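With chain A fixed as given, assemble chain B onto it according to the hints.
Protein chains in written order, with my numbering: chain A, 2 to 322; chain B, 2 to 322.
No wet-lab data here; the hints were simulated from the structure. Accuracy of the hints is not assured; some may be wrong.
Same chains, same names: a pair is fine if it fits in one copy or spans any two.
As the list claims (entries may be wrong) - Calculated cross-link-like contacts (lysine-lysine; reagent style DSBU-like; alpha-carbon spacing at most 30 Å):
#1 K155 - K23
#2 K155 - K21
#3 K23 - K3
#4 K3 - K155
Remember, predicted model here, so these are calculated numbers, not experimental data.
What follows is each chain in one-letter form.
Number of protein chains: 2
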Amino acid sequence: MKLAIIGWGSVGRALGRLLKSKRREYPFRITGIHTLRHGTAADPEGLPWSRVEAAEFGPRAASIEAFLDAAGADCAVELTTLNPSTGEPAISHLRAAFARGMHAVTANKGPIAHAWAELSEEARRAGRGFRYESTVMDGAPVFNLWRHTMPAVKVLGFAGVLNSTTKIVIETMEQGGGFEEGLAAARAMGITEGDGAYDVEGWDSAAKTAALANVLLDARTTPQAVSVRGITRLTPERVREIARQGKTVRLVSRGRRSGTGASLRVRAEVLDRADLLAATPGTSNLILFETDLMGTFGTVSVNPGVEQTAYGVFSDLVSLL
Amino acid sequence: MKLAIIGWGSVGRALGRLLKSKRREYPFRITGIHTLRHGTAADPEGLPWSRVEAAEFGPRAASIEAFLDAAGADCAVELTTLNPSTGEPAISHLRAAFARGMHAVTANKGPIAHAWAELSEEARRAGRGFRYESTVMDGAPVFNLWRHTMPAVKVLGFAGVLNSTTKIVIETMEQGGGFEEGLAAARAMGITEGDGAYDVEGWDSAAKTAALANVLLDARTTPQAVSVRGITRLTPERVREIARQGKTVRLVSRGRRSGTGASLRVRAEVLDRADLLAATPGTSNLILFETDLMGTFGTVSVNPGVEQTAYGVFSDLVSLL
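Same shape as in the complex, but just chain A (with noise of 0.2 Å):
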């Protein structure tokens, strides 16, 4: 299966060396890189693994219908990063893939946030397949678990803590730190999406909360209708303060089925320290999902980097092959 790259940052990177290790077994082949600020290289036979690596690009191609073109891929592969308010240009890319007769896997959240129900019909229409494993818990079994392991389940509500930044601005500040001491200490860690504002006040966890609602509850909806409230307001004090309690705090995410179609919001939740939701150290991540017929369960992922993010690109591809 020929591969077309969009965007490539730490996770393509990643992607690249996964592809590489496994190339025997997994015959994929990159036929196309494209980026905004480096150019753009491709080539329908195959670009060979030592460019790949060193990066060496050519010029930007004049657009990604025209990126498409030259490579001559069998599926997009979007890896750029997020515009959080509108889910573009992603959205843009994916629908190109499609047009063109292409496969689509995304690790964006906004295109699910924004979109999920409109390129899932383009992809089914285009008769092609549309993954996007790592837009939620990186490479962990969630969206996927869903497609491959639970027939006739019906998925009622989900309970999650999505957000690592706020997790170690939390930590910090039990610790004895400030806020702005631990949204330095997530931004040296490389967690934050830009200057961690979007982290903090709630806008990422909104995304993974919109992109699940509209996969696992078909809610059409988008994160601006999620009931979104981050940590800003939270202090030191408080922190500490709630800490002595024996006690802890984690931004949750929440959705759930109503009458109308989901009811979804972003808060910081003081939990027990034996709370499922507060034993989630680091950047460690952990879902729950409210079953009509298999009770509550849920996936956790311990610490992902950007290498959890690439295999679960990796894994979407595997599953279109």
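What follows is chain B alone, placed relative to chain A:
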């Protein structure tokens, strides 16, 4: 698909209810039910739901072989109770099914803990499927997770809190009760295996450890090869002393690939309250997989009951459809 069910306890009856409620979307038909104490029912055309619900059985078939021949089913569903030290008679039941060219599903961990490799080979030779999702963590995705969603990933090891009885005993002692009181509480909840000795001595956890190791670590092992220490020497005084330090105790199953096969053990471990493995209240279970490509991630199941065990069997049946 026609089903011959061996054993008709609480899981069997829950499975019967689930099959009936989903009969329009999933056309399973029960053509036989065989029990040790209440006799046998078999009709290759299908047993009426009314007869299944009323448990109207006739005289017990002379043997499992005679039962399977009379039921004329496509799949045997093994739900008998466990003989922990041998995995019998469930192993023989499954062999009889494969010998007749039937698929087989079991919720009984004995065969997986004692003879998974051999049974898988017999299924393969018969060209039939063999499924066992409910044997560890009820219906929560454990084995099917690896079967369906994690291509190219190798499990290096696992750590799980998989026994509910010991958790109830520990919680009872933390709250001021005694060991026997906790065991009685677990018995009253219907979650012990037999009188509970099997649970508190660690053998239930050892069987699950061996089952996981056989399937995920290619270990070809048995519960007897697991280094086991249960919680029988744990006193209320010690548990409360640990609680005063902000910690708790869990009976933890650990497995890890080693040079010669797998290193497997079950131990009561003192854990920080905020540890993921400690965040398993009541009958909740949690397993973490350590992997090569996907770091550490896992599955959690919150207070599962017999409905979840039945669902695990149902999901296995759907995957064989």
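The hints, checked one at a time:
Taking CA atoms no more than 30 Å apart as the test, K155 paired with K23 passes between copies only; the shortest distance there is 13 Å, against 35 Å inside one copy. Proximity of K155 to K21 under the C-alpha cut-off of 30 Å is restricted to the inter-copy arrangement: shortest distance 17 Å between copies versus 38 Å within a copy. Within a single copy, K23 and K3 get their C-alpha atoms as close as 15 Å, which meets the 30 Å cut-off; across copies the closest is 41 Å, which misses it. Taking CA atoms no more than 30 Å apart as the test, K3 paired with K155 passes between copies only; the shortest distance there is 25 Å, against 35 Å inside one copy.
The structure shown violates none of the earlier numbered hints.
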